[in-house]
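*Asks:* So the chains spell out like this:
There are 2 protein chains.
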Amino acid sequence: MKTPEQAHSAPPRPHVAIVGAGFGGLEAARRLASAPVEVTLIDRHNYHLFQPLLYQVATAALSPADIAAPMRHILRDQKNAVVLLDEVIGVDPAPRRIVLRDGGSMHFDYLVLATGSIYNYFGHDEWRSRAPNLKSIDDATCIRRRVLLAFEKAETTTDDAARRRFMTFVIVGAGPTGVELAGALAELARAALASDFRRINPRSARILLIEAGPRVLAGFADRLSRFAERALARMGVEVLLNTPIGAVDACGVTAEGKHIEAATVIWCAGVQATPVASWLGLAPARGGTVAVAPDLSVPGHPRIFVIGDAAHVADARGNPLPGVATVAQQAGRYVAEVIRRRAAGAPPPAPFRYRDKGNLAMIGRSAAVADLPWLKLTGWLAWVLWSGIHIYGLIGFRNRMAVFLNWVWAWLTYARGARLITGDDPSPANDPWAGTGRPSEALDKVID
Amino acid sequence: MKTPEQAHSAPPRPHVAIVGAGFGGLEAARRLASAPVEVTLIDRHNYHLFQPLLYQVATAALSPADIAAPMRHILRDQKNAVVLLDEVIGVDPAPRRIVLRDGGSMHFDYLVLATGSIYNYFGHDEWRSRAPNLKSIDDATCIRRRVLLAFEKAETTTDDAARRRFMTFVIVGAGPTGVELAGALAELARAALASDFRRINPRSARILLIEAGPRVLAGFADRLSRFAERALARMGVEVLLNTPIGAVDACGVTAEGKHIEAATVIWCAGVQATPVASWLGLAPARGGTVAVAPDLSVPGHPRIFVIGDAAHVADARGNPLPGVATVAQQAGRYVAEVIRRRAAGAPPPAPFRYRDKGNLAMIGRSAAVADLPWLKLTGWLAWVLWSGIHIYGLIGFRNRMAVFLNWVWAWLTYARGARLITGDDPSPANDPWAGTGRPSEALDKVID
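So the sequence lines, in the order shown, correspond to chains A and B.
Taking my numbering, the leading residue of the first sequence gets 1, the next gets one more, and so forth.
Taking my numbering, the leading residue of the second sequence gets 1001, the next gets one more, and so forth.
Check the hints yourself; a few may be wrong.
[What the hints assert, rightly or not] Among the chain A residues that face chain B by a calculated CB cut under 7 Å, a handful are:
hint : residue
1    : P64
2    : D138
3    : R398
It should be emphasised that the hints constitute simulated quantities derived from the structure, not laboratory data.
Just so you know, even glycine gets a beta-carbon here, dropped at the ideal spot from N, CA and C.
Please construct the entire structure, taking both the sequences and the accompanying hints into account.
*Replies:* If you want it as structure tokens, here you go:
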């Protein structure tokens, strides 16, 4: 915000609107701190979410506030930045305006679209409420509720088939999120909950990780995939490869013509870009992304940039860059530099080049894989590296300390600190829990 | 749970059903650990909630998991205890069965009803969605969402009257919860949020604490009430005494014929007992409670006990005991002893007598009041005492550490660690936010 004095004396500075406060958008906003521009960072949520740890909220290891940092607080000292809690629903490139959910619109001189991706149900949107995915905090607390309720329902039901259904958890998709969630779920069942029930043995919960492709962690080196698969098997996760999902219904999933009864199904399969391409009237590239120019601007719209999961950028060998935090962050830093130079009348920087820092995935206690450019690590060392990098990536001392202390505590006690069933399922009509009520008068069995 | 062997060799032990895992119910369950009985602890939630700190969740200082401990985890080593996540909706005293929400029922030999109280809207249940109260975690996150959204909406609206409405917070009822909430809200606005906005100054938020009676903290000594009132005034809280609320509508409250425009209204006024009296077919005592016998059993039903906020117990001078945690805890301990002796064939203990340990209330940073039997404290010393007792009262090392560290951090930085807007308002139709949309095209002012 300008002071009234500045507003009269200084020439107007270009306005950079950044849509999305994820890794890319937030990095772009912060890197513009010293640039001669005004920045508005717009997000539907009032916080930057550290998505790589969202699966730990879903499995009761961390609280939402541990992995979320309020946007306003992050940018409170950045004088040229304004935060807006709102949802962008469209772009008018010619008059250079973005359209907001509640009817307003906003002018921009430069626009950075860092809107990320959403889960793709392969055209079956009716699966969405039956098999929640893991993108937002509300998604994570929804999954946490379903997982914890499944054990509660298994404890009280008197129907053996229903009990087996409640004790079966299906995770669709064995990318990093699916693998990490399966491992964390196995630890929850085998350790944290192990001695807390009387009639069921949580250790006997079935956890299935179902993947359409031929291996887990497809983006990693072959050897690491095999390590992860073995580690998951040791933890009691059943990994089904080459098994595309045919249907999701109220009682489980159908794969390869076989129905697997499961009350809890979690969707970690493919993602697609947010509808940025259609906002801009462009033909979408792979996965709904926008194919951008070497400076990450949109062809034909030099003032509009797309970064992160919503952008299609090819590496030196022509392969698309993966939808991970480091790609978005490096792109955010790059467009901030492009805009800074353009606003200052300086020549543009060299085309964007992604510096691959590698991939990490956690499987479980003392087991992780690290696929680094110069090194492949498994086991304990990868686990330490994973933990350190994730704590470092969090914003602010408070969240780093909170996550660190929660991990130390969980490591020492095997317990999970956030085992709360909160909120209601928004759509009881589509609820996989419907029709699983207990036969009347049968409850005395609970105390037998 | 009995092992199969015990089930065959030992005579059946009496079954104690405890309804409600609050301070009273949980204490009763734990104190029965060594008694020759089987215990079932039933609650609608899967955790014991430390209600005295709920206002800190509502004001973004603590996370829900910091003040909640999973029932199963607390009782995991108590071999004679079973936990049931369910809702009791009635009691059949003659066949000694309790009726559960989803159609089941359960036999008991002894029944402890520790179901607590709910907020009373003085017959105006339509106020409930407009003025949420503070009883559950979902209530607290709802209030947190509304409070944080109010500042966001005030920042973006271009309508001066709407901005004033969003910046006005009304708390109805100046008991301990109302006073603590008002103080915490003042600290949130004046310190934590102070430099995070660009167009509004959160310091200028109006916080009104409206009380029908002649003083704040009516249960405390007169001198402490006056101290609390002055401390609140110093923090910028407007305290209106002798001001009963006439109406709550979508735009605020009406009191003494005057309408106060406020987007956020929080209900901390009177409570009433859960409908235990009607379950038992009894005429309710004051506030819907059940007047119990000197051994806390229900007259005519010697195997049924009512404790805590749902019970009417008079002290030596004939005044009803207050609805606070220590009364419920002492009563829980007492009925556990009654049941233990009766199950063992021993003579009953002396009638229940409440040992008053005093009352505490927090106002703000380094300001609290302590009304102890032998001492009245105000200011810094009361604040230290309040903090120590509340940390001590939490269940488990993890939650004690989490709350302690959050407080240290908040004390040092003035920041609030859980400033997240999560979830949706369940009833948008009754939402005080409706109709407060922004005029189209006006948004550019945000960045002016």
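*Asks:* Holds or violated: A:D138 as interface residue toward chain B, Cβ cutoff 7 Å?
*Replies:* Interface hint status for A:D138: holds (6 Å vs cutoff 7 Å).
*Asks:* Tell me if A:R398 is really an interface residue toward chain B, meaning its C-beta lies closer than 7 Å to one of theirs.
*Replies:* holds, 5 Å
*Asks:* Return the status of the interface hint for A:P64: holds when the least beta-carbon distance to chain B is below 7 Å, violated otherwise.
*Replies:* Since chain B brings a Cβ to about 6 Å from A:P64, closer than 7 Å, the hint holds.
Checked against the numbered hints given earlier, this structure breaks none of them.
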